[in-house]
Each structure stands twice: as C-alpha cells, then as structure tokens.
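J.: Kindly produce the complete structure, drawing on both the sequences and the hints.
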Amino acid sequence: MTMPGHNLPILDARKPHVHTKGDQPINIACEKHSVAGSVSQRACVFCGSRVVLYPIADAVHLVHGPIGCAAYTWDIRGSLSSGPELHRLSFSTDLREKDVIYGGEKKLEQALDELIAQYSPKAAFVYSTCIVGLIGDDVEAVCRKLTEAKGIPVIPVHSEGFKGTKKDGYHAACAAMFSLVGTGDTAGIKPHSINILGEFNLAGEAWMIRRYYERMGVQVVSTITGDGRIDDIRRSHGATLNVVQCSGSMMPLAKMMQEQYGIPFIRVSYFGVEDVANALYDVASHFKDQAITHNAQQIVRAELEGLLPALTRFRNDLTGKRAAIYTGGAFKAFSLVRALRKLGMQTVVAGSQTGGREDYEQLRNLCDDGAIIVDDTNPVELARFVQERQVDLLIGGVKERPIAYKLGIAFCDHNHERKIALAGFEGMLNFAKEVHGSVTSPVWRFAPYRHATEASNQRGIA
Amino acid sequence: MSAPKPTPVFSATTNACKACTPLGACLAFRGVEGCVPFLHGSQGCSTYIRRYMIGHYREPIDIASSNFSESSAIFGGGENFCTGIENVIAQYDPSVIGVATTCLAETIGDDMNLMMHEYRAAHPDTSVPIVHVSTPSYTGTHAEGFHAAVRALADQLAEGGPREPRCVNLMPGMVSPADIRHLRELCEVFDIQPTILPDYSDTLDGGSWREYHRIPEGGTSLAAIRAMGRAAGSIEFTSVCDESATAAPLLSERFDVTAHRLDLPIGIDATDQFCQTLSQISGRATPKRLAAERARLIDAYIDGHKYLSGTTAALYGEEDLVVGLTRFCCEIGITPVLCASGGNSGNFETSIRHISELTGNTQVIANADFAEIEAAITDNKPDLMIGYTRGYAVSRRLDIPLVRVGFPVSDRIGAARLLHVGYRGTQQLFDRIVNTLIEAKQDASPVGYMTM
Ligand code: SF4
Ligand code: SF4
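First to last, the protein sequences are chains H and W. So in my numbering the end of the first sequence lands on 462, straight run, no missing numbers. So in my numbering the end of the second sequence lands on 452, straight run, no missing numbers.
Note that these hints are calculated values from the structure, not bench results. Be careful, since some hints might not be right.
For lysine to any residue, the following SDA-like pairs were computed, each having C-alpha atoms within a straight-line distance of at most 25 Å [claimed, not checked]: (1) W/5 to H/366; (2) W/5 to H/85; (3) H/122 to W/8; (4) H/21 to H/366.
T.: If you want it as structure tokens, here you go:
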C-alpha cells in the first residue's frame, strides 16, 4: 500500500518550491510569478493593495474596473473602526463595454465627483484593476484634477492585477500612503511615540495592542492600517519609531519613512505569548526608558499570570498533535509555529503565499526534522502534504478550509476575514480555544478519512 | 456597529448586486464530470471567484488560471494558456477543461480558437476536450456567464443521432444542489431520464471523503452531454434570457430537439407547468405521489395564508430567480413592493410585469445595486426581504427580516441544501417565509405568546 496522498501529483515546475527539512540546506524557489495552470492560493496585485488600504475608514475606496474586482472585496476584512465606516462600502466604476471601447476616464471622474460630494471623505483611493492599464485611462491625471477641485487627496493606487504579485500590491499601497505622510501637523507628539504598522484591527486587535503600548507610557500616533484615519497618517512622521507587524505588507512604508524622515523601525509579531511579550519589550528597549521597561514587565507579568494556567487545560488535550500552517505572509507562520508549540503541538507542514528566501530559512530552523516547507502551494499539493504528514489541524484561510474539512481534519481560520481576536495575550487564549474546539470535536470519529488512516496506522503503515 | 447607509450615485456602483461573468461559467463547468474550470487571464480573478464560491458551497473549488504576467498582457496569453493547460492535465487528469476568459484576456483580444488550435497542434496525443466560453464581465453578470457556459457545452459537445425517447435535457439555471437532486427525482417519477446540465449536486454538495479527490466525483458526464442532441426534448428554466443566450434553442435549431422554456418552478402554478411538460414529453399522467405533495402544499398555503395576508416583500438577486419569486409571492398573498436585480438582460421588467397577479405598485429595478435597493425601501419598509446574503447589511439597518435564497448565502451553513423548486421545494420555502414572519411578530410582541 502506498502512502496516503501519493496519488496527488506535484507539478515538475512546482518541485523547487517544496523543501523537506532533513540534512540538506534549504534552497527553495520563491518570490516568483505563480506557475500557469497551478491553482495558486494567491490573488493579485490589486488584492495586496486592497487589503492593506481597506481599513482606512474615513476614505472612499473606489475600484476602477469591471464589477468583479470590487464585488469580491466588499466588506471582506474583519477590520473594525471606532468611528466612520466608509471602508465597508464597496464602490466600483463597474466598467461596461462602451467604457472599455471609449475609455473609462469620464466615468471615473464623474464617479469621484459624486462620491466625494456624497460622503465627504478625508481622501479617496482609486484602485486600477487589470484592464484599466490596457484601455489607456490616465488615472493619474483624473486624480490630480479631482484633488485640485475637491481639496482632498485623491490618490491613485497602481494595482493592475497582472503587474506582479500581491507583494507588488503592498508596495503600491505603501506608495499611496506615503504620499500622505508628512502633510499633517505633528504638534503634541511626544518623544516616546510610535506608529503601529501592519496591524489590521481584525476583531479589535489593534485596539488591544494600542492599549498595551499606552499602558507602557508610549504614545501611539497612528495605527495606519487598523482603524486607520487619513489625518493620523498625515502626521505619522512625527512618531519616533515604527513598529511593523506582518512581514510583507508594510515594510515598504517603514523603509520609505526611514529614508525620508529618519524614523527607525522594528519588526514584531503580536501572535503567541513570546512574540507579543517581545513586541512590548523591543519597543521598551528601543526607548531605553526605565519606566517604560518596568511597565512592560508589569503588563507581561500580569497578563501571563492569568493566561498560563488557562492554557494548561488546552495543552493537556493537544500535546502531541500535528499541525499544518499555510499563511499569506511568512512572518505569521513563525509566530504560529511557536504558538502551537506552546500548546504542545508540532508543525509538520508550513508554507506561505509570499515568503522570501530568508523567511523560509527561518521557518525551516523553527520546525522539526521532516517538516515540509512550501512556497505558493496549491490545493492538490496541500491535500497531499496534510495526508502524508497525517496532520490533526490545518491553519489557513477560507480557501484552505475545505481541504481540511473534506478529510475530516480540524481547522483554524487565521486569515484576514476572521472575527475572533487572536493577537495579544487574550488572543493567545482565543487561539487555544479555537484550536482545541476544533481538534477535540466529537464529530471526527465519523469521518471516513480518519478511519482509513487509523486502520493503516494500525497495520504499521505511516 | 453596522456599515453606513449608502446613497445611490449615478456613475458608480455602490455595493454591487451581482458577481462577474466568469464566476457563472466556473459554476457551470463545476457541474460537468471530471471538469476543471480554467480562467484565461490573471490570477486574481480566479482566486477571488474561488473564495466567493467556497463561502457559499463550503466545498473545494479549484479553478485554474493561465496567470497572465505583464508580458502576456502585451504579447498575448498564448504561451501561458498552453503551459496552463499542460499543467492542469498533469495535475488533475481531467476529462474535460472548461475555459472562460476574464476581462483582461477579452480586452487584449486573445484569439481563443487559435490558441486551442495551437495547443492541439503541439499536443497531438492529448485528447482532453477543451470547451471555451467568452465571458467578458463588462457585458453581463454571473448569470449570463452561467448560461453562456451551458450553451457552449451543448454547442461544442452535443451530437446528433437516433432519438432517445426517454431522454430529456434539463437546464435548470443557477439552482441549488438540493434543487438539482429534486429535479432529477421529479423527472424520474415521469419515467424520464434527464440529462441535467450542469449537475453540481454531488460536486458542490458531496459527502465526507476517505481520501482527497482532485476533482470531486459527480457531474454531468461527457457522454451524456454528447447525447443531448438525441434527446426527446429540452427544458430550460429562464424567463429573461434571449434565445441566442441559452442552450435549448441551440439544440432545437441544430438537432431539432424541441425546446421548452419555462419559469423556475417555484410555486404551484410554475411547478404545474413543469409537471405538465414532463407529462407531455413522457406521455404519462402526473403520478399519485406528486399529487399528494401538491395537495399537502395547498394545505400548507391555507394553514399559512393568514400570516401572509397584507404583507409585503422586497425581492432581489438573479433576474430569473426574482421573476420566479415574484410569481410565487403573488400566488401566496405577499405583495412584492420591489423586484430588483443587478442583472441587465433587458427583459427583466417585462417578465415581471407579465405576471398577471401583480398589482401596479411594484417597483422594478434592473441593473440595481444595494444602494438603490435600500433607497427604494427605506421610506416604505416591506415586512420581508427575500434574497442572498449581501442584502444583510440593508436588512440589518432597516430592521427587516431576511429570508435567504440565491447566491451566495455565505452567512449560514447549508446553502447547498436549500430547496426551492417543485412542490416540495416550494413547501420548504413557504414554511421558511411564514416562520420568519411569525418569528418577527413573536419577538416584537411585548406579551411573549407561546402560540402564534
Ligand atoms: S476582471 Fe473581470 S473577470 Fe476578473 S474579477 Fe474583475 S470583473 Fe471578474
Ligand atoms: S481583474 Fe486583475 S485586478 Fe481584478 S481581480 Fe482580476 S487579477 Fe485582480
């Protein structure tokens, strides 16, 4: 009998993107255009821009193109706002045949004119989708014209889907935001002040993180992408440190701000006990301020006191279970490997859509021997890996969910659509509950795949 | 917290009440046995469409993409197409590939026939049929894409030959997997062998697996599609599509297979018409079992009629579905105050106005978005909204209960199992509607009655 999953082929062109941790050093192919015909889980440049800018809640986000690109990104992120919620409306120029033939500039201009009049936003972002470049619309010119006429920034986002990958979309979004930075008043910003970058306020996570820093005595100038506001971004150059979460998406902005305004940045993650503690300590040690350091220690101590005993119960049930992780950016995968370990679980498959060489090297170092490391995988491969490594849990997004569920494997949604806060100390407890709730559900005993693997394991075939 | 109320503007679509054309094509291809849908264009479209469909069906939905890069957008996507097809065959071993074009490929004007020809010339030993449908999104909605793909399948695969008197082609449109299963049953009680195209009753609503399937089992077989030219008749459910847009007229013209075009069989009248058609084709009278279901439904109508009398509803979704629902609402005593669709076939309003029981107070909006829908019912709130999940924001803001039908229903489980057609499906829909109204009344009552 063959190993489970071996009937699921890996395309030749995809093989360099897969690495199994063993004696060989890692030399993984990555940061490439997806192989044609392989069902990549990635979206497009536009997707990258859209997800990053989406949480800016007091701007109009107008998708210039045919309807699909806007329809599929309407209210897709669980990013919360404490005030205006313009970001939850989906605006599209909804190009029709005549626009494609004669150009869509007029329609774009009119749409902006009407939308700005209607909603009085603080700014407008105009996303170019694939066909906009081809029909020759001068989006820049329209935006310039409207900026002048309306007195608010109308910012083009160069996010034509085919012009690269999701990562290029992050760049385009960062470039759009950077055009705002430096245009606001920095009065009242203290020396110990930060911007939080790459935290999208899913289920209110940015609020939680913000509170930690404020309790430490650090001023938060802007959360940029989570509960974001145009005016905050405009004055964000007044902060003295950028704290960047999420590997891919906000690094370009941090780098631009460093270059132009000399603001240093540190990279952090808010997932998992160690990582979130480090995210506080690293900020404290940057400011070299005793009170801040002391406060950070206090916070961590107080939070852990409640959290660690609560985790024990989950850990007891989860110890020895195996997990597969597939994330958008690789940085999150690092945190998840550590967080799972905290729950007694082992990561045997780990991959991401957009990781780079160094990311995968770090991921490999974090995982145990035999772990599969994979870049830009597809459903067939992923199904093969989870069967081959007999995982008990898959962590991913909604597109990965059916792979787990068809096989009777537990699943945890760690994507941008989730409704449960998984960041911070509270988030760790939620994460444990989520994982535990799925892994220990009584329904799995009915799943035929489980029976099949159990039976073959008993016959000594793993 | 709830999203802000949008105001309709002239030049932009706000909160679209439609999805894009290739989505419909992918759904149709998903109902063909061994078929992998393939979008010729850039990556994002296929990923977004997959994501959107998975939200409704909760099943694996693999859609390949030729994954354009900048150079393909400039020099054409021929190379990506070839590599893409090769890879799909290598990885999925499909029995057919359904190619639909995205806006990008359509705009640059890729010649699909030429590309398929070139592919075949380079791979003389692969025999996997490739069906192609042109689906620029700027000319229609997901509903048009769906019908176009069904028509393309018939066009490119169906063959003629000696009549098979018990075989009937059934093209039900975008109904649920449960609907498809029930339609099959209905045909079978008339001793008819239906070829339902597409049939995603298993592929998008399958059981738990023993091992992973690259392509879920089920779907209309290639052989069955080929045989469509020999059927005794075709039935398709559409009220709005032009004859040039669907499969039955094509099969009639090319193979002389009689076309029957009916409204979606929701409600007694529409189901009666469907059953009469089955009876006419098969030469059999309506069987007792069905008569009993019909009688039960009438009984239910009577049990429920008081709860419905004087009530109003706003209906929205695909044009054909809304026409079917309108007819049904009229039949049971709900006044549709708004019939809206993001579709723009040009026949929507006529089809709605055609419904004889409809009074003049119904507003009909084609090419609608949710901003317009909300504006139309804000001052004159109906008792009920009937439509798909994306109307939830409106229903929440206006505090109008929502009965979920159509695509997508992504905020509940079991969308694939919702039944709407036939006497039985009507029964389930009727119960859901009445109970929603009762529940709203009960919850709003300060007394807390335990009998309603
Ligand atoms: S470009 Fe066209 S096919 Fe692609 S998502 Fe947008 S509307 Fe749909
Ligand atoms: S058309 Fe382009 S921008 Fe829109 S979803 Fe498709 S790939 Fe992305």
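J.: Measure nothing beyond the straight line between the CA atoms of residue 5 of chain W and residue 366 of chain H; if it is 25 Å or shorter, mark the hint as holding.
T.: The hint is violated at about 47 Å.
J.: Would you check the hint for residue 122 of chain H and residue 8 of chain W, treating anything up to 25 Å between C-alpha atoms as holding?
T.: holds (20 Å)
J.: Given the hint that residue 21 of chain H pairs with residue 366 of chain H, test it: the Cα-Cα distance must not exceed 25 Å.
T.: Since the Cα atoms of residue 21 of chain H and residue 366 of chain H sit roughly 10 Å apart, the hinted pair holds (cutoff 25 Å).
J.: Can you confirm whether the C-alpha distance between residue 5 of chain W and residue 85 of chain H stays at or below 25 Å?
T.: Holds, at roughly 10 Å.
Figure legend: structure checked against the earlier numbered hints; the only hint not met is number 1.
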